[in-house]
Every structure is written in C-alpha cells, then in structure tokens.
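S.K.: Residue numbers (this note's numbering), protein chains in the order written: chain A, 1 to 393; chain B, 1 to 434; chain C, 1 to 307.
You can trust all of the hints, since none of them are fake.
What follows is a list of derived Cβ distance ranges for each label pair:
#: 1; chain 1: A; residue 1: Glu-126; chain 2: C; residue 2: Ala-56; range: 53 to 59 Å
#: 2; chain 1: B; residue 1: Lys-420; chain 2: C; residue 2: Gly-52; range: 55 to 61 Å
#: 3; chain 1: B; residue 1: Tyr-124; chain 2: A; residue 2: Arg-300; range: 50 to 56 Å
#: 4; chain 1: A; residue 1: Tyr-277; chain 2: C; residue 2: Gly-52; range: 24 to 30 Å
#: 5; chain 1: B; residue 1: Arg-16; chain 2: C; residue 2: Phe-91; range: 35 to 41 Å
#: 6; chain 1: C; residue 1: Leu-58; chain 2: A; residue 2: Glu-299; range: 27 to 33 Å
#: 7; chain 1: A; residue 1: Lys-29; chain 2: B; residue 2: Ala-121; range: 40 to 46 Å
#: 8; chain 1: C; residue 1: Leu-76; chain 2: B; residue 2: Arg-409; range: 44 to 50 Å
#: 9; chain 1: A; residue 1: Asn-162; chain 2: C; residue 2: Pro-273; range: 25 to 31 Å
#: 10; chain 1: C; residue 1: Leu-76; chain 2: A; residue 2: Ala-64; range: 53 to 59 Å
#: 11; chain 1: A; residue 1: Lys-226; chain 2: C; residue 2: Gly-70; range: 27 to 33 Å
#: 12; chain 1: B; residue 1: Leu-117; chain 2: C; residue 2: Phe-91; range: 48 to 54 Å
#: 13; chain 1: B; residue 1: Asp-269; chain 2: A; residue 2: Ala-64; range: 37 to 43 Å
Hints in this document: simulated from the structure, not taken from any laboratory.
Cβ coordinates follow ideal geometry from the N, Cα and C atoms, glycine included.
Here's the letter readout for the chains.
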Amino acid sequence: MKSLFKGIVWGLIAVLFFTTNGWGFGRKKVVRVGINAPITGDIPKVGEGTKYAARMWLEDIENAGGIEVGGKKYPVELVIEDNEAKAESAVKANTKMITEDEVLVIVGPQSSKQAVPAGDVANNYETPMITPWSTNPDSTKDRPFVFRGCFLDPFQGPVLANFITEEFGFTKTAVLYDVASDYPKGLAEFFKQSWEKIHGPGSVVAYESFTTKDTDFSSQLSKINKSGAQVLFTPQYYNEVALIVQQAHELGWTGPIVGSDSWGSAETVTLCGKDCYGLFFSSHYAAAGAQGATKEFIERYEKKYGYTPDDVAALTWDSLRLVQTAIENSGKLTGKIKKDRRAVRDALAKIKNFKGITGDMTFTEEGDPIKCAVIVRISDKGEYEFYKSVCPN
Amino acid sequence: MDNQDPKFQLSTKGSRARLLDFVAPIPLIGWLLGILAAVLVEYFLGDYISYYLGLPKIPVLFGFLTVLKKPLLIPGTMGYMILVYGLPILIIVKSLQKPANKLAAFLDKRRVTVAALVHLALFYGALHLWADISDYRLLVIKLAMIAIMLTLSINVINGYMGEFSCSHPGFMALGAYTASTITLFFFANDKLFGEALLPEALGFYFFPLALIAGGIVAAIGALVIAIPSFRTRGDYLAIISLAFLFIVKSLIENLEFVGGPRGMSSQPDYSNLPMVFTVMVLCIWIINNFVRSTMGKALNAIRDNELAAEAMTVNTRKTKIITFMFAAFWAGVAGGLFAHVLRYVNPGSFGIQRLAEILAMVYFGGLNSVTGSIVGALSINILSEALRPLEIYKWIIIPLLLIVVMLVRPTGLIAFTEFKPKELMKPKQNKVEV
Amino acid sequence: MDLFLQNIVNGLQWGSFYALIALGYSMVYSILMLFNFAHGDVFMVGSYIGFGVATALLGLAAMSGIPLPGWFILILTIIFTMFITSFVGVFIERVGYRPLRDAPRASAAITGLMIGIILETGNLAILGARRLSFPQLIESTTYQFGGVYVTDKKILIVGVSLGLMFLLHRFIQKSKWGMAMRAMSFDFQAVPLMGISINRIAPLTFAIGSALAAAAGILYGLAYPVLDPYMGILLGWKAFVAAILGGRGSILGAALAGFLLGFIEIFVAWVFPSTLRDVIAYSIILLILTFRPHGFFGQAHSTQLRL
Numbered sequence: 001m002k003s004l005f006k007g008i009v010w011g012l013i014a015v016l017f018f019t020t021n022g023w024g025f026g027r028k029k030v031v032r033v034g035i036n037a038p039i040t041g042d043i044p045k046v047g048e049g050t051k052y053a054a055r056m057w058l059e060d061i062e063n064a065g066g067i068e069v070g071g072k073k074y075p076v077e078l079v080i081e082d083n084e085a086k087a088e089s090a091v092k093a094n095t096k097m098i099t100e101d102e103v104l105v106i107v108g109p110q111s112s113k114q115a116v117p118a119g120d121v122a123n124n125y126e127t128p129m130i131t132p133w134s135t136n137p138d139s140t141k142d143r144p145f146v147f148r149g150c151f152l153d154p155f156q157g158p159v160l161a162n163f164i165t166e167e168f169g170f171t172k173t174a175v176l177y178d179v180a181s182d183y184p185k186g187l188a189e190f191f192k193q194s195w196e197k198i199h200g201p202g203s204v205v206a207y208e209s210f211t212t213k214d215t216d217f218s219s220q221l222s223k224i225n226k227s228g229a230q231v232l233f234t235p236q237y238y239n240e241v242a243l244i245v246q247q248a249h250e251l252g253w254t255g256p257i258v259g260s261d262s263w264g265s266a267e268t269v270t271l272c273g274k275d276c277y278g279l280f281f282s283s284h285y286a287a288a289g290a291q292g293a294t295k296e297f298i299e300r301y302e303k304k305y306g307y308t309p310d311d312v313a314a315l316t317w318d319s320l321r322l323v324q325t326a327i328e329n330s331g332k333l334t335g336k337i338k339k340d341r342r343a344v345r346d347a348l349a350k351i352k353n354f355k356g357i358t359g360d361m362t363f364t365e366e367g368d369p370i371k372c373a374v375i376v377r378i379s380d381k382g383e384y385e386f387y388k389s390v391c392p393n
Numbered sequence: 001m002d003n004q005d006p007k008f009q010l011s012t013k014g015s016r017a018r019l020l021d022f023v024a025p026i027p028l029i030g031w032l033l034g035i036l037a038a039v040l041v042e043y044f045l046g047d048y049i050s051y052y053l054g055l056p057k058i059p060v061l062f063g064f065l066t067v068l069k070k071p072l073l074i075p076g077t078m079g080y081m082i083l084v085y086g087l088p089i090l091i092i093v094k095s096l097q098k099p100a101n102k103l104a105a106f107l108d109k110r111r112v113t114v115a116a117l118v119h120l121a122l123f124y125g126a127l128h129l130w131a132d133i134s135d136y137r138l139l140v141i142k143l144a145m146i147a148i149m150l151t152l153s154i155n156v157i158n159g160y161m162g163e164f165s166c167s168h169p170g171f172m173a174l175g176a177y178t179a180s181t182i183t184l185f186f187f188a189n190d191k192l193f194g195e196a197l198l199p200e201a202l203g204f205y206f207f208p209l210a211l212i213a214g215g216i217v218a219a220i221g222a223l224v225i226a227i228p229s230f231r232t233r234g235d236y237l238a239i240i241s242l243a244f245l246f247i248v249k250s251l252i253e254n255l256e257f258v259g260g261p262r263g264m265s266s267q268p269d270y271s272n273l274p275m276v277f278t279v280m281v282l283c284i285w286i287i288n289n290f291v292r293s294t295m296g297k298a299l300n301a302i303r304d305n306e307l308a309a310e311a312m313t314v315n316t317r318k319t320k321i322i323t324f325m326f327a328a329f330w331a332g333v334a335g336g337l338f339a340h341v342l343r344y345v346n347p348g349s350f351g352i353q354r355l356a357e358i359l360a361m362v363y364f365g366g367l368n369s370v371t372g373s374i375v376g377a378l379s380i381n382i383l384s385e386a387l388r389p390l391e392i393y394k395w396i397i398i399p400l401l402l403i404v405v406m407l408v409r410p411t412g413l414i415a416f417t418e419f420k421p422k423e424l425m426k427p428k429q430n431k432v433e434v
Numbered sequence: 001m002d003l004f005l006q007n008i009v010n011g012l013q014w015g016s017f018y019a020l021i022a023l024g025y026s027m028v029y030s031i032l033m034l035f036n037f038a039h040g041d042v043f044m045v046g047s048y049i050g051f052g053v054a055t056a057l058l059g060l061a062a063m064s065g066i067p068l069p070g071w072f073i074l075i076l077t078i079i080f081t082m083f084i085t086s087f088v089g090v091f092i093e094r095v096g097y098r099p100l101r102d103a104p105r106a107s108a109a110i111t112g113l114m115i116g117i118i119l120e121t122g123n124l125a126i127l128g129a130r131r132l133s134f135p136q137l138i139e140s141t142t143y144q145f146g147g148v149y150v151t152d153k154k155i156l157i158v159g160v161s162l163g164l165m166f167l168l169h170r171f172i173q174k175s176k177w178g179m180a181m182r183a184m185s186f187d188f189q190a191v192p193l194m195g196i197s198i199n200r201i202a203p204l205t206f207a208i209g210s211a212l213a214a215a216a217g218i219l220y221g222l223a224y225p226v227l228d229p230y231m232g233i234l235l236g237w238k239a240f241v242a243a244i245l246g247g248r249g250s251i252l253g254a255a256l257a258g259f260l261l262g263f264i265e266i267f268v269a270w271v272f273p274s275t276l277r278d279v280i281a282y283s284i285i286l287l288i289l290t291f292r293p294h295g296f297f298g299q300a301h302s303t304q305l306r307l
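With the hints as constraints, model all of the structure from the sequences given.
M.R.: What follows is the structure, encoded as structure tokens:
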C-alpha cells in the first residue's frame, strides 16, 4: 500500500512538472467563433462549403493580425463542430460550444431542421447566432439572439411565381417537391399560394411529391407530363435536380424547369450536364459575371479548393463578415463573455446596409435580412448568368 | 466491478489480485460516497485545480474533448483526473470502508425499496452536482439516460423475446409527438395551437401525464406489430416492424397539424434532470421486475421454443401482445422526454439512422440483460460525444470498436445476466468475517 | 392507358434494382440464415468502383487513341466491377460473418450494419463530400410508342438485370457449385459432413451476391447518375424488405418481390396523392405479410432464432 501511495505522489509531482509550461496557454483572451456544420451525414457538401469559407475567413483575420476591437487586436480561434446533419447533434454541438468553448458568436447550422432547435439553445444562453442558409421562419422567430443570412421562403415563392408569369406568360404549372424535407415543402407551398393568387385556383395542375433520398421520379413525372402543365417548378437540392431534370427529359418533358436557391451549387451543372442548360432559378448570387468583392471571393475560393463556391459558402462568408463587423463595432471586449455576447448581438442588430457578396443586408426586427433575390440562367456553357434581380419593396 | 467473490483472489498475488483485494471489501454505498466526495471536490475546487494544471476549463467529459484536439494538455488532464477523481475516491472509499459496510448491513436488513432509495439518493446527489458544473454535461447525461430507457425497452423485445424488431424509432416518434402535442396544446403559447389553455405553472406537474399518454399511444401503435406476430416471427416480423417505421414517419410528415416535416418546436422545458432521472429509474425498476417475473420467464420460453412454451401452458398470444405494448410504452415515454430535452421534434429524427443507433446500443451492451443495456447505452452515447473532435473518423472508430466487441463477445458485453439490486447493495466485509 | 403502360415501364426499371439487390440478401440468407446488412453499402461501393473503372477505361481509350464504342466500355466495366466488388463481399464474409457463424444471428446483423457504416464514412473520408457523376457510356435516345416514352437505357437496364437473373438461375440449377449451394441451404448441418466446406460455399455466395449488387450499382449509375456515399442505405433496407417478402431464401421469390416492390411504389404514387406514397405502399406490404406471413415462396414453418 505504501508503495502505491508513493507512486501516486511521485506521479503527481511529475505531472505538475510537465504541466507548468501549460500555464502560459491556459487562459488567454481570444475571440472564439463557433461553426456548427453538417460535415458528416446527409449533406456533407454543405458542411464542406461552410468549413472552407470559414477557413478562408480565418486566414484573412490572421493575416490582419487578429480582429480589432476598441483599438486592440485579439487573436481569433475557430471552433468547428460537426452536427452530423441531425437535430440533437446540432443541439449538443451548440451547447458544447457555448458552455465549454465559450464562443462569442456561432455561425450555423445550415439547414432548418438543425437551425430551429439549435437557435433555441443559442437564444437561451444569450449567444448571438447567425444561420446562413436556413429559410424556415421559425429559426429566428421570437429569438432576439438569432439572425439569418438569407431571404425567406415567403419572399422567394412569389418572386418565382411572378417571374414565370412575366417571362413566359404561362398559366398552368406543375410542382414536384420533397414532402419529407421542410425547405422544399415550405417553398412549394408558398409558390403554389402565390401562383394561384395570380392565375386563380386550379392553375397548379399537378402538385406531386416524393420522399428524401428517392431517386426515381418517373411515376410523378409521367403524371406531370400528362397534366398539361407548361412549366415545372422544383425547389430541390442540387443532387436531386440533376435526376429530376434528366428523367423529365427522358419521359418527354419539353417545357422549361424552374428552381430555387437550392440549385445554386457548383455541382448542379457537373451532375446534370447539358440537360440543365437554359434553365432558370432564383438565387442569392450569380457566380458567372460577378463583380467586385463577389468576383474576388469566387476566384480565391476556386484557386484554393478547386471548384466554384456554392451559395452556402458565399452565405457563410457573408455571415462571418457580418460577425466580424459586429465584433469590431461592439466597442470593447471586457472578457466577461456574457456581456460581450450581448454587445455583439446589439451591434449585429444595428448593422445597416452591409455590403455582402450576396447583396446588401439590413436586419429586420426578427433578425432576418432584407435582401434581393437574383434570377439566374444556366448558360449554354453551364455557367450561372445573372438574368434579373428582384428586390422586396 | 465490485461484487467479485473473495474466493478467487487468494490464489495468486499479482497486481490484479491485489487490486481485487483492495476493491472487494467495499460495498456499493462506499463507492457512491467516494464518487460524491470526488464530485464535491470538483464542484468546489475543480476550477482552481484545472487552472493550476494549465487546462482551459474543467475537463467536461473526462478530458476527451480537449485532449483529442490539443495533445499537449494530456499530462494536465491526467493530473486532473487523478487529483479530482482518483485520489478522493480512493481515500474516501478506503477510510470509510468500515462504516460503509456497517451502513450497508443496516440497510440490508431493511426493505429493498428503502435501501435502494438511499443508494439512489446518494447517486442522484453526486450526479446532480456533476451535471451542475456544465450545461453541456447535463445535456449529454440527459440524452444518455433517455438512450438507456430506449435500449432497455428494445431489449425486452429483441433480447428477452428474441424477435428482431425494427420499429423502436416509430414508437419513440409516437410518444414524442403525443407528449409534445399535449404540452404545447395545454401549457404553452405557440403558433401551432395558439394560447395555453391551462396556467403554465401547472404544466410541470401534468408533464408525467403527458408522458404516460405518449407511452399509451405508442403502445396502441405496437398492436399493429403484435397482431401479425401471432402467425409469424423472426425475419418476417422484422420487416413488418420496418414497414411500420416507414409508415409512422411518412404519416407524421403528412400530418399538417403537428407541423409536417417542419416538426414541432418550443416545447416547454419540463425535462430537467430530476424528471429524467426519476423516469429512468422507474423504467429500469419496472422493466427489471417485468423480466424477472413469470411473464419474463415466459418470454424466454417463447424465444427458445415457441411450440414448447405453448405446450407448457404459456399463453403466447397474450404474452406477445403485452410485451410489445409494454416495450412500446417505455419507448414512447422516452420519446416524450427526448422531445422535451431537445424542445424540438421532426420526423427526420426517427428514421433508419436512429434505428441503427438503437440496435447498436442493445447488441453492444448485451442481450437479455438489464445491466448490459445500461452499459451499452451509456458507453455508446458518451463515446460518440467524447470522440467529437475526431469529426469524420469518429464514425469509423466507433463501428470498428463495435465489430471488435461483437467478435470477442458475440452476445454483447454483458449478456444473459440478471440484475439483482439486493445483491448489488449487500455489505461486502461482513460476509468474509462470518 | 398511356400512363398505365408508361408506369409499367417505369416500374420495370425501378424494380430491377430492388430485385438485383434483394437477390444478394436472399442468397446469403439461404446458405447462412444470416442477413448481410452491409449489402446496401456493397451496392454503393460497387457503384463507385464502377465509376472508377469506367473513368479509367475512358481515359485509356482516349490516351491510346482507339475509339472504343460506349457499349463495349460498358460491358468491360460491368465485368471488371463485378469481379472487383465480389472481393469486397468475400472480405465482409471473412471479417464480419465467419467468426460469428455460431453466434446469435443478430450479432452478425450488427457487424454487418457497422461494416456498412465504415464503408460509408470511409468513402466520405477518402473521396470527400462531393458527389460524383457517373459517366454516360451510352447516348440516351428516347423512343416514343404512342404516348409511352422509352429510352434505350431503360431497355438495357431491364435487359441486363433479367439476363443476370437468368444466368444466376442457370448457375444455381445446373452447375456443381450451384448444387452445393442448394444442398447447403437445404441442410446446414449435414452437408458439411458430405465434404462440402462451408468455408468455400459461404465466400462464394457473398461474392456472387456482391457481384450482382455491383451490377446493380453500375446500372443505377446509368439511370440515376448521382453517386453519394449514403445512396445504399435506403435502397438496401427496401431491398431487404423485398428479399423477405419473396420468401426466405427463395431466389425466384426475391426477384419477383423486388419487381413487385418497385411496381407498388410507382403505382401508388400514380394512383394516390404522391405525398402518401410511403404510407400506402408499406401498408400494402404489411397487409400482404399479415395474410401471407411467410412471404410468397417461403415455407410455412416457424423457425427459431439461433440464440
């Protein structure tokens, strides 16, 4: 027993000896920014875009020697957590980042099914959070600490309905959407509403759905083909877009197909090929023919990671820049994390006409930005061309 | 770990035997006291100790999270573990060995319930303080306890009755949605159901009723599987339950009044630690009694040979129905708690992924064993949280570990054992003296 | 009427994937009484290997300057991929199933599930998050018969899968190995005593099942050219449903049930509102099993789990 005790004592002394050099890096004043992204799970590409954009942003900050608040420069640390594209994992990740890593701000999660519950956590702990990509109104509703980086479905739906009516003069449309995923379902509903407001009830001649992870839409598309619809609206993610468009053409569909901002990934065209040329979708920004800061961002991203950034990356970048502006505007970092978070939140809410690469932004009371949508045409070279811009009035 | 028979230790005096010698005379209550002491140390001194050792914060899940990201902190974290957990537990356990044994002997003469309550109270005290240090810890431990309930309840079907049921996420979804609907409808102002009908202050006391309602709905859902199970079993039942899972998920997606694929959010915060803990203890207690009852033995009989069981006057139909409904009930209750811990449910949370997780927990822990289920659920849950810094490789390491365990112990870590609280709580020293 | 015929064509294509994958489940089951839950992911791996082989062949053809026709490359791809993927099956058998042959059946199911997760995550870790687009080896032309649209891809897919099923049938019925497999599935205990080693039959079964899954993977890549690491999960579980629905261990039953499942999914989406597709389609399956508790071709005996 004695030897055991001795061993413990010596072990302790050894441990203390080894860790004395640890005192230095124990508790330094750093600004920690949390990233909550789906790195594994259903939508790894979204997580990858988020991660890359965040790393690029960190590089900028490091080159500038840190973030400047009240005349002092603070180093920045990114805390990237994987939420496995699951709701409870996103909640765990947020709780961990807030209580353990003591992050000042959180960017993410991206999709609504994680952003809604994670936003609740952030709001309860009074930690500002920006979800760059979640279009569900619930994410920010009654949550003063939660903000959003993109426009909402109730805005995008009418934009598209009006665009199709004005551009083509069609009166009958078909909708194909994923019933098990909240984003496509919400958007499909808003689109249907505004379409019927313009053309009267019954003008949506086919309203078909499928379930997440389905790859065969032949039954639904055959039905749509026979319904007499002039245009097909499908607010799906890029991987499904390729399948839907190709299968529609194989089943004899000749009319135009219109999509939403979820088409705006670099992979849409690589996966879909020639079938997608000439189609329209609404988006946050158009990569081809972009100007100024947007162009610069795209070129840098392409050089670094080898592909054109999708809207997730662009929105994450904007959200991080918003966060940066807010931290810089917050006046002073006291080191008391609660106070600092509140200051950053207030600064974030006050930002007016922020010049982002996805357009100008001003937050409403709810924390949602007032932003313009862009109608993009996929050119015959497979590039995303700017076609038209629609702003909320 | 502590109910080793003293006979085995005397043969050799290796370090293992010496360890057993050291551990053997300590009753469960002694360990609990030691843990309580350690947690008290952490609660009051943890911050200073971690600061002195150069750690950024108190290592929240035994240091895994920080160590995997910054290997430089390994010695500091180890030192922390020894100082805060190792030493206090050892000192208290050894110095209180005699009084603890006396206490255990005293409790041993009382009713099991009383003894169990004392043990549980001590354990809860330690757990509460431990979880109080960090909210992240609290969340992890709450979800782990819910996982224990799920694993236990599926063990009743898959382990004790020997079916391969895949419908547990479906039961859980039924329970989660029912409980959420009730609490949101009556006690919360939200956009789905409008104003609260009853005063919000009452909500917490009615919450158990909501949980029970959730459990009952899940149990009724289980009839869909229980009735075909009269005529078929094994693999056919597996796909009946799988079809049930697909149907439940798809139905909820189509029900607009519970939010469809958007799910329901902002449930009131009723699932606090005492609530989850109490429900979990009740669940373990009742399930343990169930599987040790005549009914439980009948289950094993059905598993081993249904025809023979029938011949021995086991009413197989009644047994199957009751078992399915019983297991589904607890899955539903666990679902209700789950919804109120996350304060959000959506149909996507109850799919194939969740099924794989539950199956992994029950088969990892061990079939036909309450202890096994607890160990399986806890270890997989805590592990998947502790390995978070590994990001993508986490989902290579955990399955590898599971495969290795299955190859070494094909029935799971701790299978085919009985969980006897009375044995566990027995004094350890008196036995040797007598 | 047009729609009806069109949906028959659609159902044939969709069902052939279920059927090909279900065959793999069913074969392993008939020999070992075990389900290979990694099978859906073997399908995924097969699809990725097919992608690699096809890209390599296209690259070779371009480099050497020999204008190889698309169909020729496709045939080569199918053969090579089936060959390579069969080793994945053998590997899974060796690592996950052979050590557990006497263990409870569910343990092997769990190792299978875990191997599947490793395959998925490993793929994600190695190839990254981007989805791959399967090279279009044959130009797709659409033919129109009345109001029915048929592409040559559809004909090819259905043709190749039916051909493979026929070959499998011949193999099992006529060849020596096939006979050994049938014997093994007839009596697991006695046949090893007759000098047929289970350690040779089981890997063979896994190899054939995986090769079929690989063929399904390539055909799938032609029809739905978006590959991602998680594509095998749902398809695998649904094919599992088909395999059992056909009757345990019945090859013919599995193939038929695969087509049936495809038809049910397609036709339910046509006749009913497509939002309710899963509810109705799986209720039908529930009903079938309630009235035919042992599938289509299964024997009506209550087997015991080997616990």
